[in-house]
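**Q** Sequence:
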Amino acid sequence: MRMLLTLALLAGGLSAQTSQPQHKGGAIHGTVRNILGEPMAGVRVSAAYGGDPKNIMLGEMRISVRAAPTVVCATDESGRYHLRNLPAAPYRVRTDRDSTSATPHAIRIDGDEDLTLDLVVPASPQISGRVLDENGKPAVDAFVWLLKPELVRGVLNLFALGPFVTHKDGSYSIAEELESDRRYFLLADRDIPKDIESGEAIAVPTYYPTARRMDLSTAIELTPGENRQKVDIRIASAPVYCVAGKIHGTDFYKIQDEEIAGSRIVRVQGVADAQGSYSACGLAAGTYHLIADRTYKEFTIFDANLEHVDLSTELPPFRVSVAWSDPAEARPQPKFDERTTAALRSLASAAGLGDALSDDELADVARRTAQGGLTGSEFGHQLSAMDVAERRSLMGTLLNRGTSLSVTLSGAYQQNVEMSAQIPSSFDLAKGILPGDYTVDAALIGLTAYVKEINYGGVNVTDGIVHVLPGVPGTLQLRLARDVSTLAVKVTDSEGNPVLGSTVIAVPDRATTADQVSQLAVRGQTDQMGNYSPTPVAPGKYRVLATSQSIRWNVPEDLEKVMAVLFQASSVEVQPNGSAQITVQPIPIY
Numbered sequence: 001m002r003m004l005l006t007l008a009l010l011a012g013g014l015s016a017q018t019s020q021p022q023h024k025g026g027a028i029h030g031t032v033r034n035i036l037g038e039p040m041a042g043v044r045v046s047a048a049y050g051g052d053p054k055n056i057m058l059g060e061m062r063i064s065v066r067a068a069p070t071v072v073c074a075t076d077e078s079g080r081y082h083l084r085n086l087p088a089a090p091y092r093v094r095t096d097r098d099s100t101s102a103t104p105h106a107i108r109i110d111g112d113e114d115l116t117l118d119l120v121v122p123a124s125p126q127i128s129g130r131v132l133d134e135n136g137k138p139a140v141d142a143f144v145w146l147l148k149p150e151l152v153r154g155v156l157n158l159f160a161l162g163p164f165v166t167h168k169d170g171s172y173s174i175a176e177e178l179e180s181d182r183r184y185f186l187l188a189d190r191d192i193p194k195d196i197e198s199g200e201a202i203a204v205p206t207y208y209p210t211a212r213r214m215d216l217s218t219a220i221e222l223t224p225g226e227n228r229q230k231v232d233i234r235i236a237s238a239p240v241y242c243v244a245g246k247i248h249g250t251d252f253y254k255i256q257d258e259e260i261a262g263s264r265i266v267r268v269q270g271v272a273d274a275q276g277s278y279s280a281c282g283l284a285a286g287t288y289h290l291i292a293d294r295t296y297k298e299f300t301i302f303d304a305n306l307e308h309v310d311l312s313t314e315l316p317p318f319r320v321s322v323a324w325s326d327p328a329e330a331r332p333q334p335k336f337d338e339r340t341t342a343a344l345r346s347l348a349s350a351a352g353l354g355d356a357l358s359d360d361e362l363a364d365v366a367r368r369t370a371q372g373g374l375t376g377s378e379f380g381h382q383l384s385a386m387d388v389a390e391r392r393s394l395m396g397t398l399l400n401r402g403t404s405l406s407v408t409l410s411g412a413y414q415q416n417v418e419m420s421a422q423i424p425s426s427f428d429l430a431k432g433i434l435p436g437d438y439t440v441d442a443a444l445i446g447l448t449a450y451v452k453e454i455n456y457g458g459v460n461v462t463d464g465i466v467h468v469l470p471g472v473p474g475t476l477q478l479r480l481a482r483d484v485s486t487l488a489v490k491v492t493d494s495e496g497n498p499v500l501g502s503t504v505i506a507v508p509d510r511a512t513t514a515d516q517v518s519q520l521a522v523r524g525q526t527d528q529m530g531n532y533s534p535t536p537v538a539p540g541k542y543r544v545l546a547t548s549q550s551i552r553w554n555v556p557e558d559l560e561k562v563m564a565v566l567f568q569a570s571s572v573e574v575q576p577n578g579s580a581q582i583t584v585q586p587i588p589i590y
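For what it's worth, my numbering labels the leading residue of the sequence shown as 1, then goes sequentially.
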């Protein structure tokens with residue numbers, strides 16, 4: 001793990017395209033047209049520095065210095081663009097209309113030259129069709145949702161675009177935010193009628209073309225510029241039932257299908273009464289999430305009403321434990337000076353923790369004070385009564401004392417939980433944690449190390465994804481190690497020439513799915529000499545490949561293509577505290 005600081009040094013103070021260049025430099029100009037040859041106005045063209053940042057070391061901190069800016073301009077009514085005032089450097093030119101999987105144009109500015117580069121952009125993909133009811137007639141004012149799966153650091157999220165409302169003939173059309181070469185799912189739905197009786201058959205959410213479940217539906221994948229028509233959805237009908245219970249801690253609730261839980265699409269929502277009782281109808285057989293304050297309870301309806309589906313918004317305890325895998329790797333914690341010790345004992349007493357504290361107990365008070373974990377009116381009064389300069393000095397001492405670890409849990413309902421911890425330490429999150437899947441990211445401050453082992457609920461987590469179940473207490477254990485390794489990759493063409501701007505991917509052997517590649521792969525671009533050296537990596541076996549094609553790291557389909565070509569990757573093993581070098585040639589991944 002590492003702490004990485006990127007400084008953008010803008011040559012000549014240039015951060016965007018200006019009409020009058022402030023000093024002489026190179027330029028790139030040309031015309032942007034679509035695939036029909038028509039000039040495209042208002043297209044943003046960017047030239048980004050195409051090499052890797054230069055790395056320097058400041059103590060044990062790696063600082064990355066980027067040597068040239070990104071310059072942007074928009075095409076005029078004739079589709080012309082002109083990027084001026086470019087310092088000598090390699091650049092990668094692309095437009096905001098390009099597919100995210102398109103390879104940017106590599107071009108190099110050596111001096112005051114004005115280079116010509118004409119660009120072709122695809123037309124936007126489109127989807128259109130009709131929504132029909134269970135009798136085959138047009139469904140007027142029905143809702144159509146476009147569902148887009150994305151991987152965020154190994155956690156699969158489902159994003160919903162819409163709703164798009166059908167017209168009098170049941171037709172709909174979608175032409176916004178669509179990308180080519182990726183899978184989408186379509187869902188049609190109608191408002192739930194009032195006064196539904198249990199067992200009554202009504203229209204239920206239906207996936208294209210007629211499926212009740214997303215895993216049984218047909219995905220839609222568009223080619224660049226494709227206008228997919230007659231994508232018709234026939235809404236199914238099914239008997240619906242009611243669910244009832246009590247909600248503790250809040251009154252507002254919503255119910256979502258399990259497959260789209262966490263998205264914007266809500267099947268039923270309402271407000272519990274003063275006693276917390278609720279009742280909701282209109283649910284067909286299936287699995288659902290009852291959600292309140294983002295906590296949830298999963299329940300399944302078969303062929304009858306459900307009662308006593310209760311939910312408490314109080315989160316169960318969540319404990320974090322941090323330690324070294326090998327205790328010999330630990331650095332001794334510096335002792336507090338007399339002034340800091342006196343301030344901490346005073347704060348501990350104000351927080352009701354007593355006066356006679358051991359060194360370990362005092363260190364825990366320091367950690368909790370730095371993280372805002374101590375509360376109470378007396379503690380707050382004691383802290384606010386301190387001189388401002390003294391309080392700032394105290395907090396600075398606590399935050400920068402020895403080696404600390406910054407931990408981020410991200411993923412569930414796009415929720416982030418950030419914390420910092422001394423090593424070793426063990427503590428509870430004051431407010432618990434919402435249920436769901438989380439990616440664990442950790443960065444050490446003060447030295448170079450990595451997370452060697454993650455354990456949650458007594459089970460070793462090999463893919464870095466922690467599954468937090470609703471209502472179940474859990475302990476997250478992190479074991480750290482300092483035996484980091486160095487990996488150097490060189491990318492050349494078939495004649496041995498270095499390849500600039502190639503994407504290098506190093507995948508640990510234990511990654512066997514697209515989700516794991518999203519979470520565990522180390523990646524970056526080669527510099528002018530075709531070299532890429534990631535910051536220190538965990539020792540082990542890696543499969544290394546390079547490609548000149550762009551990869552959308554949030555798109556599952558792109559990562560599945562990476563998985564499909566891993567058999568062509570070169571294998572390398574880096575030993576603990578060792579280094580390894582490898583040379584590869586770019587390969588196509590699609």
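Note that these hints are calculated values from the structure, not bench results.
Among these hints, one or two may not hold up.
[What the hints assert, rightly or not] Label pairs and their in silico Cβ distance ranges:
| id | residue 1 | residue 2 | range |
| --- | --- | --- | --- |
| 1 | R108 | D509 | 32 to 38 Å |
| 2 | E176 | A74 | 29 to 35 Å |
| 3 | R523 | E307 | 28 to 34 Å |
| 4 | A430 | P327 | 25 to 31 Å |
| 5 | V459 | Q275 | 49 to 55 Å |
| 6 | D273 | T103 | 57 to 63 Å |
| 7 | K230 | D509 | 43 to 49 Å |
| 8 | T103 | D509 | 39 to 45 Å |
| 9 | P39 | D195 | 55 to 61 Å |
Cβ coordinates follow ideal geometry from the N, Cα and C atoms, glycine included.
**Q** When the hints from earlier in the document are held up against this structure, which numbers fail?
**A** 2, 3, 5, 8
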